[in-house]
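First to last, the sequence lines map onto chains A and B. For the first sequence, full-length UniProt numbering gives the first residue as 1, with consecutive numbering after it. For the second sequence, full-length UniProt numbering gives the first residue as 1, with consecutive numbering after it.
In short, the hints are calculated from the structure, not lab data. Source: prediction; values computed, not measured. Ideal Cβ positions, reconstructed from N, Cα and C, are used throughout, including at glycine. Hints may contain errors.
Chain B side only, calculated, beta carbon under 7 Å to chain A, not exhaustive [stated by the list, open to error]: (1) Arg88; (2) Val90; (3) Ser92; (4) Asn102; (5) Ala116.
A short, non-exhaustive set of chain A residues, derived as facing chain B with CB atoms under 8 Å [to be verified]: (6) Val17; (7) Gly111; (8) Leu112; (9) Glu114; (10) Ala115; (11) Met118; (12) Ala119; (13) Gly120; (14) Arg129; (15) Ile130; (16) Arg131; (17) Pro133; (18) Ile134; (19) Gln170; (20) Asp171.
Have a look at the derived ranges for each label pair, beta carbon to beta carbon [claimed, not checked]: (21) B:Gly16 / A:Gln106: 19 to 29 Å; (22) B:Pro83 / A:Ser54: 30 to 40 Å; (23) B:Ser150 / A:Thr51: 30 to 40 Å; (24) B:Met231 / A:Gly103: 40 to 50 Å; (25) B:Ile134 / A:Leu191: 47 to 57 Å; (26) B:Arg14 / A:Lys152: 47 to 57 Å; (27) B:Ala89 / A:Gly103: 29 to 39 Å; (28) B:Ala216 / A:Val47: 52 to 62 Å; (29) A:Gly111 / B:Gly240: 33 to 43 Å; (30) B:Thr58 / A:Ser142: 38 to 48 Å; (31) A:Ser142 / B:His209: 33 to 43 Å; (32) B:Gln237 / A:Ala123: 40 to 50 Å.
In case you want the letters, here they are:
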Amino acid sequence: MSWKLFELLVQASLYTVLISFISITIGLAIGMVVSAAALSPSRALSVPGRTFVSFFRGVPLLVQLLLIYNLLPALGLNVPSVVAAITGLSLCTAAYQAENLRGGFQSVPRGLLEAADMAGLSAFQQFRRIRAPIALRLAFPSLVNEAIMILKASSLVSVVGIVELTRMAQDLAASTYRPIELFSAAGLLYLIINWLIASGGSLFERSFRWGRP
Amino acid sequence: MTTPAISVKGLIKRFGEAEVLHGIDLDIPQGQVTCLIGPSGSGKSTLLRCMAFLEEATDGLIFINGEPLGFAPGPQGKPVRLPAARIRAVRSQIGMVFQQFNLWPHMTALGNVSEALKTVHGVRKNEAEERAMIQLKKVGLAERAGHYPSQLSGGQQQRVAIARALALEPKIMLFDEPTSSLDPELTGEVLNVMRSLAADGMTMVVVSHEIGFAAAVCQQIAFLDHGKLLMTGTPQQIFGKPRHPRLDQFLDTYLDRGAAMLV
Ligand SMILES: Nc1ncnc2c1ncn2[C@@H]1O[C@H](COP(=O)(O)OP(=O)(O)OP(=O)(O)O)[C@@H](O)[C@H]1O
Ligand SMILES: [Mg+2]
Chain A
1 MSWKLFELLV QASLYTVLIS FISITIGLAI GMVVSAAALS PSRALSVPGR TFVSFFRGVP
61 LLVQLLLIYN LLPALGLNVP SVVAAITGLS LCTAAYQAEN LRGGFQSVPR GLLEAADMAG
121 LSAFQQFRRI RAPIALRLAF PSLVNEAIMI LKASSLVSVV GIVELTRMAQ DLAASTYRPI
181 ELFSAAGLLY LIINWLIASG GSLFERSFRW GRP
Chain B
1 MTTPAISVKG LIKRFGEAEV LHGIDLDIPQ GQVTCLIGPS GSGKSTLLRC MAFLEEATDG
61 LIFINGEPLG FAPGPQGKPV RLPAARIRAV RSQIGMVFQQ FNLWPHMTAL GNVSEALKTV
121 HGVRKNEAEE RAMIQLKKVG LAERAGHYPS QLSGGQQQRV AIARALALEP KIMLFDEPTS
181 SLDPELTGEV LNVMRSLAAD GMTMVVVSHE IGFAAAVCQQ IAFLDHGKLL MTGTPQQIFG
241 KPRHPRLDQF LDTYLDRGAA MLV
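Based on the sequences and whatever the hints tell you, model everything.
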């Protein structure tokens, strides 16, 4: 395979990384709010929170992407298709991250919050200083897992016309008639990126200098 | 007669159907150490947790230095719940030390002790950490300030927990079996900190199975059995003869009888 082809694949993989990174970050922020809502004692918050999770986990990502891609213009929002792609990926990963974080929140021992009560922290201060940081650390391994899932799932955004790594490999394979080489190279690039995410994740995890509560 | 530090009036606590406290009346005098003793399941922790409003009473009232905590007497005698900010304000007079320490694992010892000063009281980081260091020195852990809870022994963690409570300058300290999850050789260091706190005149309520400590340090002992306060009095009154038969049985079953004899 020529160097030129490989360079095109690498460029497309950077696009894959960029779209995934933005989606995972937005998804984490939304996931945090959704899991807090799902765990809230108030039904007005917990029902929407849980509904969000069931919907975005229950509907295939491909269907979500096509729906959002067609829905946004129908609502009068003429946005570039990359926005539709990121919206779809973000909402989908938000649902999974919310579930992971919910597990994290539920594993925060009650006693730590009673100590916070006694120290005078308000409910919001407890969320910000105790519950969220501990839940994030507890959920961290599954969040890394989710990042890897999203990076792979980002190949689906080609259906809304984004030329990311998989789509680039497809296009190049069609024009050069060398599918095996191109898809092998694409696979290798996915593998390298995910290996980087996984090792970055465990490096970061080891820097949490604390035992499990 | 001065206002009691804590006044428990007609406290009833039910968990679902089960009533675990059947109408407790108890005053905790200022500047004294009160020990709550009694068999396992008699309701000692529940009573202590009600005093801190970590547990809501089913009926009855708790007063901290004369101010109602959690519920106030209502117009028709029915207690009315106070707002959260009011609860925090009254509760700020109380520090609590738990059996399981409950240190925040993602913060260092210094972080644990300075957290509320920074977050709740808006004290600047430098000053909060200076004040936290004073408390850590007091419990003999200044050199461990940068350690995380997982890097400390149980006795050290419990002393950090005591420092964390003291940093907020409470008027009353509550202890729920502070040494019972520690190895025997580590209980001494925690009891010593508590002894010096008592000597400084801190009002303390201690749930403990350390009968020797109770006899030596407490001015008042309350014996709880099956959710009822069977008796309160000085160590001499409680442990001296003649002894209440239930107490005798309790000392036989649970405790080092010899320690009580020494009184
Ligand atoms: N959250 C709860 N829900 C239901 N029952 C409870 C709860 N907490 C305590 N109880 C029950 O209340 C009773 C008193 O419990 P408590 O923990 O106050 O006893 P204790 O005197 O502190 O015992 P120990 O010496 O074993 O700590 C027990 O029968 C216990 O099972
Ligand atoms: Mg107990």
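Evaluation of the provided hints:
For B:Arg88, the interface hint holds, the least distance from its beta-carbon to any beta-carbon of chain A being 5 Å, beneath 7 Å. Residue-level restraint check for B:Val90 is violated (minimum Cβ-Cβ distance to chain A is 11 Å; threshold 7 Å). With 7 Å as the threshold, the beta carbon of B:Ser92 comes within range of chain A, its nearest partner Cβ sitting at about 5 Å, so the hint holds. Interface restraint check: B:Asn102 against chain A, minimum CB-CB distance 4 Å, threshold 7 Å, status holds.
For B:Ala116, the suggested interface contact is upheld, since its CB lies about 4 Å from the closest CB of chain A, less than 7 Å. Annotation: A:Val17 was flagged as interfacial toward chain B, and the flag is violated, the nearest CB pair being 29 Å apart, outside 8 Å. Annotation: A:Gly111 was flagged as interfacial toward chain B, and the flag holds, the nearest CB pair being 4 Å apart, inside 8 Å. A distance limit of 8 Å between C-beta atoms decides the matter here; for A:Leu112 the minimum to chain B is near 5 Å, and the interface restraint holds.
About 5 Å separates the beta-carbon of A:Glu114 from the nearest beta-carbon of chain B, less than 8 Å, and the hint is met. With its C-beta approaching chain B no nearer than about 4 Å, A:Ala115 sits inside the 8 Å limit, and its interface hint holds. Taken as an interface hint, A:Met118 checks out: its beta carbon lies about 4 Å from the nearest beta carbon of chain B, inside 8 Å. Taking 8 Å as the C-beta cut-off, the interface hint given for A:Ala119 holds, the closest approach to chain B being about 4 Å.
Here the hint on A:Gly120 is kept, as its CB sits about 4 Å from the closest CB of chain B, short of 8 Å. For A:Arg129, the suggested interface contact is upheld, since its CB lies about 6 Å from the closest CB of chain B, less than 8 Å. Interface restraint check for A:Ile130: the shortest CB-CB distance to chain B comes to about 6 Å, inside 8 Å, so the restraint holds. Annotation: interface hint on A:Arg131 violated; nearest CB of chain B at approximately 10 Å, more than 8 Å.
The criterion of a C-beta within 8 Å of any C-beta in chain B is met by A:Pro133, whose closest approach is roughly 5 Å, and the hint holds. Taking 8 Å as the C-beta cut-off, the interface hint given for A:Ile134 holds, the closest approach to chain B being about 6 Å. Below 8 Å, beta-carbon pairs count as interface contacts, and A:Gln170 has none with chain B, the closest being about 45 Å; its hint is therefore violated. Proximity of A:Asp171 to chain B is violated relative to the hint, the smallest CB-CB distance being about 47 Å (cut-off 8 Å).
For the pair B:Gly16 and A:Gln106, the supplied restraint of 19 to 29 Å holds, since their beta-carbon distance comes to about 22 Å. A hinted range of 30 to 40 Å for the beta carbons of B:Pro83 and A:Ser54 is consistent with their spacing of about 35 Å. In this structure the hint that B:Ser150 and A:Thr51 lie 30 to 40 Å apart at CB holds, the actual value being about 38 Å. Roughly 48 Å separates the CB atoms of B:Met231 and A:Gly103, a value that falls within the hinted 40 to 50 Å.
At roughly 55 Å, the beta-carbon separation of B:Ile134 and A:Leu191 lies within the given 47 to 57 Å, and the hint holds. At roughly 53 Å, the beta carbons of B:Arg14 and A:Lys152 sit within the given window of 47 to 57 Å. For the pair B:Ala89 and A:Gly103, the beta carbons lie near 35 Å from each other, so the given range of 29 to 39 Å is met. Checked against the given bound of 52 to 62 Å, the beta carbons of B:Ala216 and A:Val47, roughly 56 Å apart, stay inside it.
Separation of A:Gly111 from B:Gly240 is about 37 Å and conforms to the stated range, judged on CB atoms against 33 to 43 Å. Range check, B:Thr58 to A:Ser142: Cβ separation about 40 Å, and the 38 to 48 Å hint holds. At about 41 Å, the CB distance of A:Ser142 to B:His209 agrees with the hint of 33 to 43 Å. Between B:Gln237 and A:Ala123 the Cβ separation comes to about 44 Å, which falls inside the hinted range of 40 to 50 Å.
In this structure, the hints that do not hold are numbers 2, 6, 16, 19, 20, in rising order.
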